[in-house]
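*Asks:* Residues per chain, in single letters:
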Amino acid sequence: MVKTASVTGKPIQIKIFPQRLLQPETAERLLNEIDHVNGVIRMLIGGKNLPRKVTCGPGTGTDVNHPNMEIIHVGDCAFELHVMVGEVIVELEDESTKEELRNACERTLPFSFEFKQGFFIKKKATLTDYGKYGFKSKTDESINLEDERILGLMDPHAKPENSLCVINPEEEK
Amino acid sequence: MAYKPQYYPGSTSVAKNRRKFMSDDVEKMRDISDEDLTALLGHRAPGSDYPSTHPPLSEIGEPACPVREVVEPTPGAAAGDRMRYVQFADSMYNGPAVPYWRSYHAAINFRGVDPGTLSGRQVNEMRERDMEEYAKRQSETEITDWGLAGMRGCTVHGHSLRLQEDGVMFDMLDRRRLEGGVIVSDKDQVGVPIDRKVNLGKPMSEAEAAKRTTIYRVDNVAFRSDKEVIEHVQRVWELRTKYGFVPKA
Chain A
16 MVKTASVTGK PIQIKIFPQR LLQPETAERL LNEIDHVNGV IRMLIGGKNL PRKVTCGPGT
76 GTDVNHPNME IIHVGDCAFE LHVMVGEVIV ELEDESTKEE LRNACERTLP FSFEFKQGFF
136 IKKKATLTDY GKYGFKSKTD ESINLEDERI LGLMDPHAKP ENSLCVINPE EEK
Chain B
19 MAYKPQYYPG STSVAKNRRK FMSDDVEKMR DISDEDLTAL LGHRAPGSDY PSTHPPLSEI
79 GEPACPVREV VEPTPGAAAG DRMRYVQFAD SMYNGPAVPY WRSYHAAINF RGVDPGTLSG
139 RQVNEMRERD MEEYAKRQSE TEITDWGLAG MRGCTVHGHS LRLQEDGVMF DMLDRRRLEG
199 GVIVSDKDQV GVPIDRKVNL GKPMSEAEAA KRTTIYRVDN VAFRSDKEVI EHVQRVWELR
259 TKYGFVPKA
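Chains as they are written, first to last, in this note's numbering: chain A, 16 to 188; chain B, 19 to 267.
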């Protein structure tokens with residue numbers, strides 16, 4: 016697999032927007048089904064924040080212990096959910112597997128969902144990314160990243176180990 | 019003939035529910051004990067005395083004033099209670115109350131209220147014991163469905179969000195949740211754990227919530243389907259606009 020976001024061919028992006036906010040079990044099933052679809056380049060999970068501590072009011076600092084903050088397993092990767100999953104954006108290598116993705120969602124989600132094609136995750140570096148990662152060298156002004164697929168997947172200030180996971184890296188070799 | 023207030027126009031179920039809320043002609047759905055409610059509110063320890071902010075009015079010796087003679091103080095004011103608040107957030111997915119109707123219910127049926135009405139939440143400040151009486155009334159009746167509403171002093175996020183898979187409105191601080199078919203709460207309204215699990219009863223089914231709601235929705239009862247309400251709203255709008263142009267009229 017090419018390690019740039021804009022792979023050769025015409026990648027498409029799909030936003031899956033379920034009618035309800037997903038419980039961790041449903042989110043895990045959905046993400047695994049999507050992972051089995053051919054040609055998935057990257058996925059972005061969005062939803063409602065689950066804080067570890069109360070951040071305002073008289074109870075500031077109290078532990079929340081939200082039961083939906085679970086560790087889920089997707090492919091060979093385990094990570095803790097920091098959000099109640101409300102949407103998943105998927106980038107596919109081309110249009111050919113779009114229906115396969117739709118079927119995966121229909122199999123997993125017990126309620127209706129929106130399935131929109133559009134441009135949701137950026138594909139090339141912007142000024143903020145250059146500010147964070149810099150140039151490769153004085154002579155090479157491309158962005159100093161080994162794998163450009165992480166562009167647009169996380170906040171520039173976030174730490175990759177907390178918000179990013181690479182599924183099945185062995186298969187790519 | 020005795021005067022009968024005409025609270026709200028319209029013939030749809032939403033208009034009827036709005037009239038019910040305003041007139042306090044609401045059905046009691048559940049029992050919440052005083053101690054449980056005090057714990058949920060989180061202003062004082064259950065069973066403790068009401069802290070006061072001034073001596074009882076009877077001891078102060080009020081000045082001669084015709085208004086004070088006419089207006090009887092509420093129990094909380096008479097005892098010198100502190101001002102305390104309760105805040106509710108209601109889901110726009112057919113939550114029984116919408117913020118304005120909580121405020122109308124408070125302002126019409128209770129005294130000494132200071133309701134603050136926002137888009138997705140409603141806060142009400144009153145003397146502590148008066149506030150508890152008001153909060154109990156709203157918590158125990160059809161005004162509140164604990165699956166589609168929450169008592170939230172802070173972090174009120176939830177009103178306009180999609181519901182969770184189990185049909186409950188999202189709560190970032192997990193103050194209440196669905197357990198065994200009933201809503202239970204083990205935190206007070208600001209997210210601090212309390213020493214008990216308060217049973218808030220069964221949440222309403224989708225059909226029941228749609229029947230009892232006071233929110234107009236295109237997928238339930240559309241605002242435009244109630245001609246009398248439209249007429250009323252347009253008349254109020256027209257008079258307000260005209261008044262704005264002719265302030266002395």
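Heads up, a few of these hints could be off.
Calculated lysine-lysine pairs in the DSS-like style (CA-CA distance at most 27 Å, straight line) [stated by the list, open to error]:
1) B:Lys-154 <-> A:Lys-63
2) B:Lys-220 <-> A:Lys-63
3) B:Lys-215 <-> A:Lys-68
FYI, nobody ran anything at the bench for these hints, they're computed from the structure.
*Asks:* What hints, given by number in increasing order, does this structure fail?
*Replies:* 1
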